[in-house]
Amino acid sequence: MLRPRHGLSDLIFIVRNKSRSNEFLLSFDGKCCKVLHQYCIGWLARAIAVAISGSVVNSSMTREYSTRQLLPSLILLLLGCMLFTGCSKAGASPDQPIAFSHRIHVENQIDCSYCHDYYEDYDVAGMPPVATCVDCHSLMFEEEPTADLEKIFEFADAGTEIPWVRLYELPKYTHFSHKWHVRAELDCQTCHGDIGTSDRAVQHMVYNMDWCMTCHEEQAASVDCLTCHK
Amino acid sequence: MKRRDFLKNTVVTGTAGVLFDACAPPGSDQIIPILIPEEEFIPGVEEFHPTNCVECPGGCGLLARKMDGRLVKIEGNPAHPISRGASCARGQALPQAMYHPDRVRGPLIREGARGAGQWRNVSWDDAIERLVSELAAVQEDPNNTLAFLTGALRGHRLDMVRRFTSTLEATRHLVHEPFGDGAVLRAHALTTGVEEFFAYDLENANYLVTVGASVLDASRSPVRFGRGVGHLRQGRPGRRGKLVAVQPRLSTTAAAADEWLPARPGSEASLVLALAHVILRDELYDTGFIENRTSGFEEFRARVLADFDPELVAGMAGVSVETLERVATEMAMYGPTIVVAGDAAVTGPRGLGTAVAVDHLNALLGGFGKKGGIFFNQDPPFSEWPSLETVVPAPEALFANLTKESDASSGIRALLISDTNPVHTLPSSAGIDSFLSEIPFVACFTSFVDDTAQMADLILPESTPFERFDDDVPSPSVGIPVATLSAPMFSRPLYDTMSMPDVLLRVAAGLGGTVAEAFPWASYEEALRAAWSGLHAASRGSVAESTERRFWTRALAAGGWWDEDVALNADCLTSDGLYRFELPALESIGLDMTAAGDTSRFTLYVYPSTAFGDGRSAHLPFLQELADPMTSVRWGSVVELNASTASELNISDGDLVEITSDTGSLRVRAQVTQGLRPDVVALSAGQGHGEYGRYARGRGVNPFSLLQATTGSDLSEAPLQATTVRIIKIEETS
Amino acid sequence: MPTWGMSIDLDRCDGCEACVVACRAENNVAPAGPEQAAIGRAVEWMRVERHVEGEFPNVRTRFVPVLCVHCDDAPCVSVCPVSATYENPEGLNAQIHPRCIGTRACAQACPYTVRYFNWGTPKWDAPLEQTINPDVAVRWKGIMEKCTFCVQRIRRAKDEAREDDRPIADGDVQPACAQACPAEAIVFGDLDDPESAVSKLSESPRAERPLEELGTGPRVFYLKEGDWRGSVGPQSSD
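Residue numbers (this note's numbering), protein chains in the order written: chain A, 417 to 646; chain B, 19 to 752; chain C, 17 to 254.
No lab work stands behind these hints: they were computed from the structure. Owing to the predicted nature of the structure, the values given are computational and were not obtained by experimental measurement. Note that the Cβ used here is the ideal one computed from N, Cα and C, for glycine as well. Please note that the accuracy of each hint is not assured.
Claimed, not checked - Below, in silico cross-link-like pairs of lysine-lysine (DSS-like), each with a Cα-Cα straight-line distance of 30 Å or less: (1) A/Lys588 / C/Lys139; (2) C/Lys216 / C/Lys174; (3) C/Lys216 / A/Lys595; (4) A/Lys588 / C/Lys240; (5) C/Lys240 / B/Lys389; (6) C/Lys139 / C/Lys157; (7) C/Lys174 / A/Lys588; (8) C/Lys216 / C/Lys240.
Claimed, not checked - One-sided and incomplete, this derived list gives chain C residues near chain B with beta-carbon spacing under 8 Å: (9) Pro47; (10) Pro50; (11) Arg66; (12) Glu71; (13) Ile117; (14) Asn149; (15) Ala177; (16) Cys197; (17) Gly242.
Generate the whole structure from the sequences, applying the supplied hints.
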């Protein structure tokens, strides 16, 4: 085992030795407070490092920086962190351009895959193009036509897709494949909740790494970082 | 808190703000980019579309990888006989050409003075109308000429230009290709009757000598040669071939070679004949080939034995007698051997002689038509377009025109320019500026405003190869008929652009009469398809289908058509079918050694750069950032000096120096190297654009500004190692 | 489970640098620009080094493509305080970007100097960002990055193999550098499969592991140049 080159790291070396295995990493992450997922640790550390170094630089340059003056920036940082940790909340439900109700469609025997037709064979689940909506709705006469139904045709006639507001987005540095999760016989509800019975699309979960890893551990799926990290 | 303290705090906390930018709460991201694709794509699914590379003469067939509706990567087309799945640095940077920030997005008409760079956007209808009216005016007056200036085009793009120039009255076709190796083509025509680059069976050869041509980095066909030499080296267990490079500078090719012969610029022809001398003297030549397949051998032998003894040539060339003797013997004993000529060695007054000498050396070694040797290209059996009664004007070299005639532009009323950048790659002393200024109307087909387009009156934005139909017949090829085909990989071009042949069709329609009748197609795609129907009719090769429609679909999907079952041949097309040991071209190839006195002057050696070629790829940031394989320079230029020369001149690595020729001067940082003759300084072509997008503009230096353009010459291109320069140090590096 | 490795034949390599640009294009490595490149901050996951010996005219040059060699016992893994880099079960030395806090200790530790720091936010002048490969994360300011053996291609090949219910065949995975190389100098594959091309090349007498004496256990090996001695005749390649 090579010893690291720089001086202050014997302590780090011992810690590293212990933490070389993925298991340790996972349990460390998993047992951490849920809101401080590992993504935040890194940012927090950097934020603190930057704040301290910034203030050190400042104080060395101006010689008039005191802890009192540093305090507002530290408070702002902490506030930012708190906001940050709370920023991806379960239960978020943004307004959509059309008040689409999953419940009505599911009650009409429409399967998830009719609209989201890629999840069995591709990484993405797929959002239906407006043509899919038009296919049915142009042949139907609702008992209670609403203004939202008209909007479908407005978009279709204008040649634009409906600008749905995205509910679930994983960080761009991750790779997720619907195909393999569906083939592992996970129900849509496992991750997306009972969206089929809702009148309004609500974010079921905070998809942080801890949440994903819990299931991967339990199901003996891959826990290798590279499986998901690009 | 005081304002100053607040700002200090903000700086500290502002950085904190940056840290959180990767967090995007739900609701902040619209899915539109995924839902409204340019065409319907499934995120994460890759598509590969065959395409054709036009960055260098190699003509590799490529595959363009499309993800999320956009072009993200280039690969070689594994089935294509030239690239065989590989690609080069320049090809890899091509997606940046498609999405370059400085692409011309629509037709432009000049406002203000020529060269001021002020343009007005116009519609295609207006642009075509302007073109038609200008060309109609040319047609009306018998004193007027239209000139069409292109690079060395191939395939049906060339045929379109030729057809266009033949149907319009009084039209000339001018050609400018700075590293075009025109002398090699002329040599081949003289010796074999075949005015095309030869195909080399590198994979079965054992010894390869390149005279001047940087075959592995930037000349002619680097991917094909890279593969061939790789195979020659380590592709056959138990056999390892040898590569010898004869160049004044240690190029990447010479560096990769087993032996570098740093011949004095201009001595290459004599050196080649000195090698021939040894082979003739020791009777190591292929007697069978000589006796049965050649003419003029006796006279050639007598001449070489008399005048090109290695003892006489060695001192002049700067290569020892021992080396010449040994290399010549190796070439004969350890064949099959192939000798290739190109780049600076085939320019200038001795260029043709050098190329002819190399052909003769190959003939002595009997390489023509043998495994591991030389073969001729074979054309794909295209259908001819409807024949015209008119005469196609023979292509004229622009450089020769400028340097021969006192008033090269006389009579030219309108000039169309496509696929060439003469303002950048002609010696400024050739007078391209005054040539252009004399011409009333200049229109340029281009995707970028480069140095030449900057001087135009009308810019017709060209679609990139990913957005247009096009074909190509690579040359040099591999001896079998190969035709590359590319189609648009997007449902519409990114910007309001049109391919040059399609513009010609619209112009022809606008001109009406016999001109319009000569172009009976609604689109270039239709014209191509008509020509390619001949390949369908041939019912052989890589795409053979029962119906023409199926053939066209399959050919588009495959990226072209080639026939690997065709027998290779090297049948000369001379009148008697024999290889001709042409002699007149070998007159006056000797160097005058008595004038070697002025040691304060050095020969300037100009070569195509690995990253930019002649400069046409300098606009791509990936290539600007690429460290040159031999100089490690990024984003700039250096002039290379030999280490002992540098110490004599008291120049250290990194010093700013001024290089002055009889026709120009420039300042550039020096780099000291062991890989260069002491009497030579080397400057790479490619940089020093006045205009060519933000990454290339004003960057580095352009060696063409120093080159001399000797008047009265009959050369197709500027001599690249015939200019002498002085060097002085301006400032030391800090 | 494969152990990925790579062979680079220095006798075939001619320094053309197709691999360098192919890697950039595949992995979204933004150009640093002239000012940053001038102070040594250009990021090049694959670079071609030029080693020159001798004096004119007896100059001997060697081109050596250098990339992360995915050590079996990597110094960078030892020094990272936050485990942003580790060795995965298939032998890949992985860099997990969101874990990295930019101490740059790994760059110090790496004896091959193949780790690169993002001194600034990678910049793509619009619309050049359209060339970004969606299979590869775009890095940000303050983190390290390096060659991944094109893990996205490994992932794709495994996905396809799993889809077809077959093992990954030799040659299914080609990193961008190997695919581009005209001279076919770069060969990639499973070192644990004795029939794979890369395993067979590892037995060549020309094979040499870079800085092996440091005990890093590199999984990239180089095949030394062959030799030609004209007076004796052509040498065999092996």
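Hint-by-hint comparison with the structure:
no., hint, verdict
1, A/Lys588 / C/Lys139, "17 Å, holds"
2, C/Lys216 / C/Lys174, "22 Å, holds"
3, C/Lys216 / A/Lys595, "36 Å, violated"
4, A/Lys588 / C/Lys240, "41 Å, violated"
5, C/Lys240 / B/Lys389, "29 Å, holds"
6, C/Lys139 / C/Lys157, "10 Å, holds"
7, C/Lys174 / A/Lys588, "21 Å, holds"
8, C/Lys216 / C/Lys240, "15 Å, holds"
9, Pro47, "4 Å, holds"
10, Pro50, "4 Å, holds"
11, Arg66, "6 Å, holds"
12, Glu71, "5 Å, holds"
13, Ile117, "11 Å, violated"
14, Asn149, "5 Å, holds"
15, Ala177, "16 Å, violated"
16, Cys197, "6 Å, holds"
17, Gly242, "5 Å, holds"
When held up to the earlier numbered hints, the structure conflicts with 3, 4, 13 and 15 and fits the remainder.
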